[in-house]
Amino acid sequence: MRLEPKPAPSLAVTLLYPLAAVVATLLFTSLLVLAAGASPLSVFYLVAKGAAGSQFALLETLTRATPLIFTGLAVAVAFRAKLWNIGAEAQLYVGGIVTVVLGTGALPLPSVVLIPVIMVAAMAAGALLLLGPAVLKTRFGVDEVVTTLLLNFIVLLFVSMLLEGVLKDPMGLGWPQSQKVLAEAQLPRIIQGKRLHYGFVIAVVSAVVVWVIMKKTVLGYEMRAVGHNPEGARFVGIPVNRVLMKTALLSGGLAALAGFSEVSGLKGNLTLDLSPGYGYSGIVVAMLAMLNPLGVIASAIFVAGIFVGADAMSRVAKVPSYIADVMVATSLLTMVVAILLTRFRVKWR
Amino acid sequence: MDAFEILFTASFWVAAIRIASPLIFATMGELICERAGVLNLGIEGIMTAGAFAGWFTVYAGGDLWTGVLVAALAGAMFGLLHATLTVPLGLSQHVVGIGVTLLATSLTYFTYRLALPEVTSPPKIEPFQPLPIPGLSQIPIVGEALFSQTPLTYLAFITVAVVAWVLYRTPVGLAVRAAGENPSAVEAQGISVTAVRMGAVMVGSALMAVGGAFLTMSAFNSFFFQMINGRGWICIALVVFGSWRPGKALIGAILFAAFDAYQVRLQQMSGGIVPYQVFLMMPYALSILALILVARRATYPKALMIPYQKGER
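Residue numbers (my numbering), protein chains in the order written: chain A, 1 to 349; chain B, 1001 to 1313.
Mixed in with the good hints there might be a few duds.
[Said to hold, decoys possible] Derived DEER-like restraints, expressed as beta-carbon distance ranges:
#1 B:Pro-1117 - A:Leu-15: 34 to 44 Å
#2 B:Val-1172 - A:Leu-27: 33 to 43 Å
#3 A:Pro-108 - B:Phe-1004: 49 to 59 Å
#4 A:Ala-20 - B:Val-1142: 54 to 64 Å
#5 B:Val-1278 - A:Asn-229: 38 to 48 Å
#6 B:Lys-1248 - A:Val-201: 18 to 28 Å
#7 B:Gly-1090 - A:Lys-318: 38 to 48 Å
#8 B:Pro-1117 - A:Ala-48: 20 to 30 Å
#9 A:Leu-272 - B:Pro-1123: 44 to 54 Å
#10 A:Val-212 - B:Val-1172: 21 to 31 Å
#11 A:Pro-7 - B:Gln-1309: 17 to 27 Å
#12 A:Trp-348 - B:Thr-1066: 35 to 45 Å
#13 A:Leu-272 - B:Asp-1002: 47 to 57 Å
In case anyone wonders, no lab produced these hints; they're calculated from the structure.
We treat Cβ as the ideally placed atom computed from N, Cα and C, and that holds for glycine.
Here chain A stands alone, though its shape is the one from the complex (with noise of 0.2 Å):
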């Protein structure tokens, strides 16, 4: 067997295989919902309705999607210079971290100062807490891809800490959660009276500079180049490691702003369970939207329409809401089958 390039795939080939990954993932999921003892057909009928069905399924799905683009936007710069940033959700909890410290009074400023000063905060701790392993890749050789994964272990345990010491709320009835952050540290909701809040907003337009970042600027053009082949950018001159950190300091910033906007725009306080792994999912949402910065967007929703209707199905139907984390990460593998496909022919022989 062999893979042979195509010619320039056309429209229809570029619609038709993603097209067939969902397939493939729904007829996949079907066995399962099926061994669960219920109809397919219904169960992701029920899916798509607690998705997507109703004005408050809808605003659920995006309130669920604006960590998911920070995150997937985290890992889409990262992985297009073939940085292998896993540490997303270990990015996203220090973002979270010093939302709370500069959020809960430590700084008397107004709300249109203090916001962009915690955001700028968040950005610079997630960015510095990827630049460790860049740095030991790139003067050391360390490969990132298991530091950056142990710093996940090592940051929820460091947020444990807090939430047990300095940060812990004293009126928290022993739950290890941190104070709530100031009126003036609070994103606005966008409708009044629902969860939808600002930080959608804040990562719709994060998605469209990251585009602009990576598509118009020489610095996007690096990060693609050291991507594509590391060898090559440096002998034409690019200065690889260079590229590298500053790709680093992107992503862990980008990262980090997932754990600002959960703070901030929804939950108020930080707790052990801000993030149910949005930092992992992250990468299914970089991976479907192919690394392309407003794909992301698109794909976030997907995902988040995934899990949001999944939960709604399980209150109704008697399938395990951990179908959507199945549906998830099988969408991630068909789908990279189906990108290769649509570039390579398989040849038998």
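Based on the hints, put chain B in the right spot on chain A.
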């Protein structure tokens, strides 16, 4: 007892060897994959699946060794998935590995909830019991530590010997090592690189799953969520630390486990002055430190993470 005396107690070394056992299985599994040229980041999820599969088999009425076998088969199946995508299709080993971890973990949790919808505390099984080896287990400290363990621990040590023997003393091992260093040389011998790599990933994944099963069937007696807790990632660090050699990786795993057992005891002695989270961070921090120490002289298998296509140079 002071912090130094701990090192000379038998119970400390018994614990260290017990903690090392799952790491030994999984590290050998990852080592086989990487020697053949495939980085397997599915390890964390495959260990989760193995932990569940082994435990659930016994819970459902199977005997313990059947549980180990089922875990190994489950691991091999995820290995087949990983290998199919990364070897003949040559997809990114990073992306596929993370995908396999996400899929194996979520499938495990889904199956657990499906099989046990209402339980709040996970049911227990009768796990492997210590099987002292007559004579040898009477030797003070060393004998107790090594020879009064459960059969699965003995199997872990046997696995290291078998892996080392196969890798360095058999034609199969030669093919595996060459597939990771110089795949076209393997092809020139008329051996399929694809077959060698896929086989290595499947066998390696089976070992990872047995490592996971050790936790539910020997170290503890039930399955709970997030119980692998980064052990898979630590094993990847151990492979680098052991410079891709079974013996060195074994020593690394035991050193690591000794450190882990030691921090637990220090934690009990510290009387709560230092937050317990600091102790829990140590194993992860130590793994990063170990990677930094060996990174400069690490010699990766030359074809690691490079897909191979027949006829290409």
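Status of each hint after checking the structure:
1. B:Pro-1117 and A:Leu-15 have their C-beta atoms about 39 Å apart, which keeps the hinted 34 to 44 Å range intact.
2. Checking the proposed 33 to 43 Å range against B:Val-1172 and A:Leu-27 shows it holds: the Cβ atoms sit about 37 Å from each other.
3. Roughly 51 Å separates the CB atoms of A:Pro-108 and B:Phe-1004, a value that falls within the hinted 49 to 59 Å.
4. Checked against the hint of 54 to 64 Å, the C-beta distance between A:Ala-20 and B:Val-1142 comes to roughly 59 Å, which is consistent with it.
5. Distance hint for B:Val-1278 and A:Asn-229: a CB-CB separation of about 43 Å, consistent with the stated range 38 to 48 Å.
6. For B:Lys-1248 and A:Val-201, the Cβ-Cβ distance of about 53 Å falls outside the hinted range of 18 to 28 Å, so the restraint is violated.
7. Distance hint check for B:Gly-1090 and A:Lys-318: the Cβ-Cβ separation is about 41 Å, which falls inside the suggested range of 38 to 48 Å.
8. At about 24 Å, the CB distance of B:Pro-1117 to A:Ala-48 agrees with the hint of 20 to 30 Å.
9. Here the CB-CB span from A:Leu-272 to B:Pro-1123 is close to 26 Å, at odds with the stated 44 to 54 Å.
10. The hinted range of 21 to 31 Å is not satisfied by A:Val-212 and B:Val-1172, whose Cβ atoms lie roughly 53 Å apart.
11. For the pair A:Pro-7 and B:Gln-1309, the beta carbons lie near 19 Å from each other, so the given range of 17 to 27 Å is met.
12. At about 37 Å, the CB distance of A:Trp-348 to B:Thr-1066 agrees with the hint of 35 to 45 Å.
13. A beta carbon spacing of about 34 Å between A:Leu-272 and B:Asp-1002 contradicts the range 47 to 57 Å that was offered as a hint.
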